[in-house]
Amino acid sequence: MTDAISTQVSQIAAETFEVDVQDIHPQSSPQTLENWDSIQHLNFILALEAKFQIEFSAEEMESIRSIADAVKIVEQRTAHS
Amino acid sequence: MAASDRRVIVDGLIGEGKTDEAVHELALLWVDDPSSASFIISRYKSIGPKLRLTPCKAAFERSFTLEPLIPVCRAAALVNGIELKVHLGQFNAYAQDILDAQSELYRFDPDVLVLAVLTSDVAPELWQGSHHGGSEIGAVSQRVAHHFDRLIEAFRSKSASNVIIHTLEQPPYPNKGVLDDQITESQMAAIRSINDEIRRAASKHKGVYALDYDGLVSRFGRLSWRDEIKWQVARMPIKSVFHCSLAQEWLKFLHPMTGKIAKVIAVDLDNTLWGGIIGEDGVGGIKLGNEFPGSAYRSLQAALLDLRDRGLLLAICSKNNFDDVTEVFEKHPEMLLKLKDFSAIRINWLEKSANLRAIAMDLNVGLDAIALIDDNPVERQQVHTQAPEVHVVDLPGDPLLYADAVLSFPAFQRLAISQEDRERSRYYTAQRQALELKSQSLTKEDFYRSLQQRVVIESVTNLTLGRTAQLTQKTNQFNLTSRRYTEQQIAQFLQASNRRTYTIRVIDRYADNGLVGAAFTQDLGDTCVIDTFLLSCRVISRGIETALLSHIVREARDRGIVFLRGTFIPTKKNHPAESFLGDHGFSPIETLPESSVWQLELQKADVSWPPWIHLADVEAVAQ
Numbered sequence: 001m002t003d004a005i006s007t008q009v010s011q012i013a014a015e016t017f018e019v020d021v022q023d024i025h026p027q028s029s030p031q032t033l034e035n036w037d038s039i040q041h042l043n044f045i046l047a048l049e050a051k052f053q054i055e056f057s058a059e060e061m062e063s064i065r066s067i068a069d070a071v072k073i074v075e076q077r078t079a080h081s
Numbered sequence: 001m002a003a004s005d006r007r008v009i010v011d012g013l014i015g016e017g018k019t020d021e022a023v024h025e026l027a028l029l030w031v032d033d034p035s036s037a038s039f040i041i042s043r044y045k046s047i048g049p050k051l052r053l054t055p056c057k058a059a060f061e062r063s064f065t066l067e068p069l070i071p072v073c074r075a076a077a078l079v080n081g082i083e084l085k086v087h088l089g090q091f092n093a094y095a096q097d098i099l100d101a102q103s104e105l106y107r108f109d110p111d112v113l114v115l116a117v118l119t120s121d122v123a124p125e126l127w128q129g130s131h132h133g134g135s136e137i138g139a140v141s142q143r144v145a146h147h148f149d150r151l152i153e154a155f156r157s158k159s160a161s162n163v164i165i166h167t168l169e170q171p172p173y174p175n176k177g178v179l180d181d182q183i184t185e186s187q188m189a190a191i192r193s194i195n196d197e198i199r200r201a202a203s204k205h206k207g208v209y210a211l212d213y214d215g216l217v218s219r220f221g222r223l224s225w226r227d228e229i230k231w232q233v234a235r236m237p238i239k240s241v242f243h244c245s246l247a248q249e250w251l252k253f254l255h256p257m258t259g260k261i262a263k264v265i266a267v268d269l270d271n272t273l274w275g276g277i278i279g280e281d282g283v284g285g286i287k288l289g290n291e292f293p294g295s296a297y298r299s300l301q302a303a304l305l306d307l308r309d310r311g312l313l314l315a316i317c318s319k320n321n322f323d324d325v326t327e328v329f330e331k332h333p334e335m336l337l338k339l340k341d342f343s344a345i346r347i348n349w350l351e352k353s354a355n356l357r358a359i360a361m362d363l364n365v366g367l368d369a370i371a372l373i374d375d376n377p378v379e380r381q382q383v384h385t386q387a388p389e390v391h392v393v394d395l396p397g398d399p400l401l402y403a404d405a406v407l408s409f410p411a412f413q414r415l416a417i418s419q420e421d422r423e424r425s426r427y428y429t430a431q432r433q434a435l436e437l438k439s440q441s442l443t444k445e446d447f448y449r450s451l452q453q454r455v456v457i458e459s460v461t462n463l464t465l466g467r468t469a470q471l472t473q474k475t476n477q478f479n480l481t482s483r484r485y486t487e488q489q490i491a492q493f494l495q496a497s498n499r500r501t502y503t504i505r506v507i508d509r510y511a512d513n514g515l516v517g518a519a520f521t522q523d524l525g526d527t528c529v530i531d532t533f534l535l536s537c538r539v540i541s542r543g544i545e546t547a548l549l550s551h552i553v554r555e556a557r558d559r560g561i562v563f564l565r566g567t568f569i570p571t572k573k574n575h576p577a578e579s580f581l582g583d584h585g586f587s588p589i590e591t592l593p594e595s596s597v598w599q600l601e602l603q604k605a606d607v608s609w610p611p612w613i614h615l616a617d618v619e620a621v622a623q
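Residue numbers (the numbering used here), protein chains in the order written: chain A, 1 to 81; chain B, 1 to 623.
In case anyone wonders, no lab produced these hints; they're calculated from the structure.
These figures come from a predicted structure and were not determined experimentally.
Heads up, a few of these hints could be off.
A short list of chain B residues far from chain A (calculated; beta carbon distances all over 12 Å) [as the list claims (entries may be wrong)]: (1) G48; (2) S157; (3) I183; (4) G279; (5) A296; (6) N574.
Covered by chain B, according to a simulated footprint, are these stretches of chain A (three or more residues, beta-carbon under 8 Å) [what the hints assert, rightly or not]: (7) 31-42; (8) 48-57.
Idealized CB from N, CA, C, for every residue including glycine.
Here chain B stands alone, though its shape is the one from the complex (with noise of 0.2 Å):
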């Protein structure tokens, strides 16, 4: 379709009030037109309140001319559901605004800084570097490190916000030519050993992350990438044919630092997972090995399976029947994924929205955490209409191309990957296996005390300060404030006398399920208050909430606490947290419909620790 047809489309649905659909068109047009970003924030603009957009304050410090991807990137975010607000920092003037307190830069106040400076500006000598003598390379190197350390540092003084920091780009043509890779101090070894030195600096910190920007340029070519035209002239050295890659590379990044993220992909099987229909084809008939054409849905097949190893699930949702799928699944000597590898599983002849939602329910995430991979763009259009909130994946007509479309896809991407996420998807058999032995036990009771279930209970430490952190990020239902906190905002409540924070550790006979709650409190005066109380929905009504409250109470009458209050701010998927408070005591002090404030008076109340529950300490854990 022509993309002013789907303009007019689109503006056709925004008159109809049809908005869902008028996103999708919008994500449709952005894929077939990157020169449409101006039309597409002009229509976000009308559209964005019906949306649950999440915002982001990005800010960008630069040694180049970036304005004209700016736009880009804008509408980019928005197609992906993220609503950015942008500062830009004045030309070439990065090093000043991350050194000065005073500037601009701090009184924007970003969510995320992107540090985007060229080879050429900083390190002119391994750009063009023929007036200067080899010698020196080394020196060189050290000092555009050292330059690189010293701004993180300083920015990492003033703000705990994100930063995203692009390595240096290699020249298409070494200086000295061949010569350059036979000497010891070579040109282009030394850019690669400032890249190494910023990839160190950035991880010596929380929250820094490197952009492997000479890796994205030379995945296009680096002849290809340069616009050497509009470098001369305007100082941007990027063909606009590439802006649109460049803007898709700053959105994995943003994906997981606003935690837009997918955490279950649904795969759909029948030219998705392998070519041909195997109602049809039968499982001698379909395409799927090692030789081409079989071989792209085994590349897509690999790529799940990596995925699987970020720490996503994998489920299946199909229309299909349900034999002929497991005998593909049991009997083809070419399938890489095995049933044991899906955590939800729904082949059936129903809407593919209506068996999204049941996987969400399956898993216990919300709809938001599901992405869809299917090859049928009607099937893709039905879960967007009905069902918004879920990722769709907009496969490339060519089945070749469906392996790097999912692993490139931002709202896969990570930047840290803990002990937790690895072993996911075996919690979630054992949490299969704990519902089975469930539906045998006597009373509720039995069935906990079945679970044998031990807890931890600490503050938090050097080594669960990532984790609290992603959990306060990414626990959305049983959580009663649902405030999100930067591992660098929670090692601040370290620092304070009156915060305490509880991080709850919990093994069962199935598995050590890791870190899974936690809360924070502060204290004012004779009143504690609960500021955060989170736990993942793999454990929750089990009676681990009570003890972690209850382990709470009595520290704070240990302290002389007279109240201690909580709040519960109703959010679309909290519903599990809702009546936490009061069910435990607590009575209502305030309420209104954006927030509830609960008090419980411990000289009056107690909250009483579940005898099926065992705590136990770190030490007699780690064994």
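Next comes chain A alone, as it looks inside the complex (with noise of 0.2 Å):
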């Protein structure tokens, strides 16, 4: 299930950002992916949230930092429901 979890956060992140899914890594952040500005991150959090049918608390959107801290948020709103 992580990996599932994973690898779908990682290419939600690579369609948003506009990048290779190789070229994402879990340390993948807004100051190496050079799309990932505020107007991306909204749209990032929009495509997670479709995908996985939840709503993201205002902490949570600004807790995402990197591509591990979205997956392991995700983990923890799907592993509740």
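Can you join these two chains into the complex? Each is in its own frame, and there are hints to help.
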């Protein structure tokens, strides 16, 4: 399940930030991905919410600062439901 | 079907080169999965060049985060055949962009400007107003209304493009609670009065339209619509499930603005106009009436009558036995629609696509002016793939939702309605009678004479500007150059001393056909160039086109013009106008596949007025 989630998050990140999925790593962040600005951050959040049928809190939105953060929060949220 | 499966099917069809089928699957995918916007945009990138997409440049000026809506809007437009090129103004810089003639907005030169401003941004007092005294409310609404009025004026002074301006949203809860509705200067009433002023400001200008954003939000519920989390974190106040709803609302304006509209609605009968199958259930067995389940079909019939009032024509396209059908129309007490409400009728066992082509011929319109309403997805797919130009309404599964789906369909929207629109179905009845008469007449001239045609030719006036622009945008068949003009552009022609505009109105023994033709010319030295020459298909082949040309020739000669020059630009549809210039003595001086230029030397040749047409003046006709 963990693999599946991290794979799907990476795919969404690749589509949103317009890079190859091979270039997405757990440490990828706004510092390493040129297109990860505040607007694409919002688009990333919206795409994750649509994909996993969840809604992030404001704190969660702000705390996602890397792909690993996103995977961790999605895992937490989907485990609860 | 799962959205991921559909994506695989789409890519398979694209790989096999089955573009029209891929387009159909993309449309179904879009209905199923609103998060497929980027997939849809990327696939249209590869198949777009093979399609006849209508281009449209849209600028969005806004006070809040609109970025996530742009791909949604582009995808929604693409599956409706419109290819958007988008300019998004900087965050909350709408006023500067509109006021500054040097801004990116004007460099982009949009076909349409969408102005989307939130109440909380432009009138914070009316959104969270507790720290403002109630006595200021009147002043606030005056200030805000003036702000929008000034922006519209400023934009119109720099650009003739269309404008869609959002009205202001009312908050879910008034700050004074239930007290708000008990006082005269209420918060909600102030927002409503600003919205009235926005509508008034819009109506003062041609091509400026109000979008009832407040109504849109309330349609879905203010509390459901609002995304407080995204608003606080990212200034994005709309829940993502409603992004499609807003995009769809924009499309309702973009369709009529780009001329991508249906003029004829062809409806299926069994399980569409009534529940059940007439051939099996009989008149007594079909479901139709004021009670459920027959009420769903009655609501659809009522909706179709509303659309006819918008100026659309109705047609029947059904696989059925003719006699079974007439029995329903004649005997069923709950039928709102009567056979006389339909301008064309095709009841047989042929393929739907073939019948739709026949209906298009009957009514003298292109296939892309036809829309199909049919409950059967198989028939819809048949039409999608065999007649891809047709607007196919993808009806929802539940018949109770049919009426709403039809009333909100983008290609059925109109931004203005003329007298011609309201009376159109009567014209077509008159034309049918004229055709019947034609078969009894001895010669063509006898037929023309029997029509007792009178025409009025005059320049474009304030009263006819709207209809003339509409004619340039909608006339596809008898149109030499198919140049589309806005009211603003035509108004500019009126200012130019070397340009002339002509409109022609036709009255015959059956009907006042209204304004049915237009021409624009431009003098360049001793040559008069025909920029535009068009005639509604309702009146072609009766000598009207010759009359209008003869009038232009006579006026040109009176001005001392030596050469009258015309251009024919072939399109898929204007074949009826192809031989027009040659038939009237013009000689080709340049012939290219994409256009041909023709010339008439006025000292050597004339275009004589058809003797069976009477040139009337405005006053004589007014009586």
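Among all the numbered hints in the text so far, which are the ones the structure does not match? none
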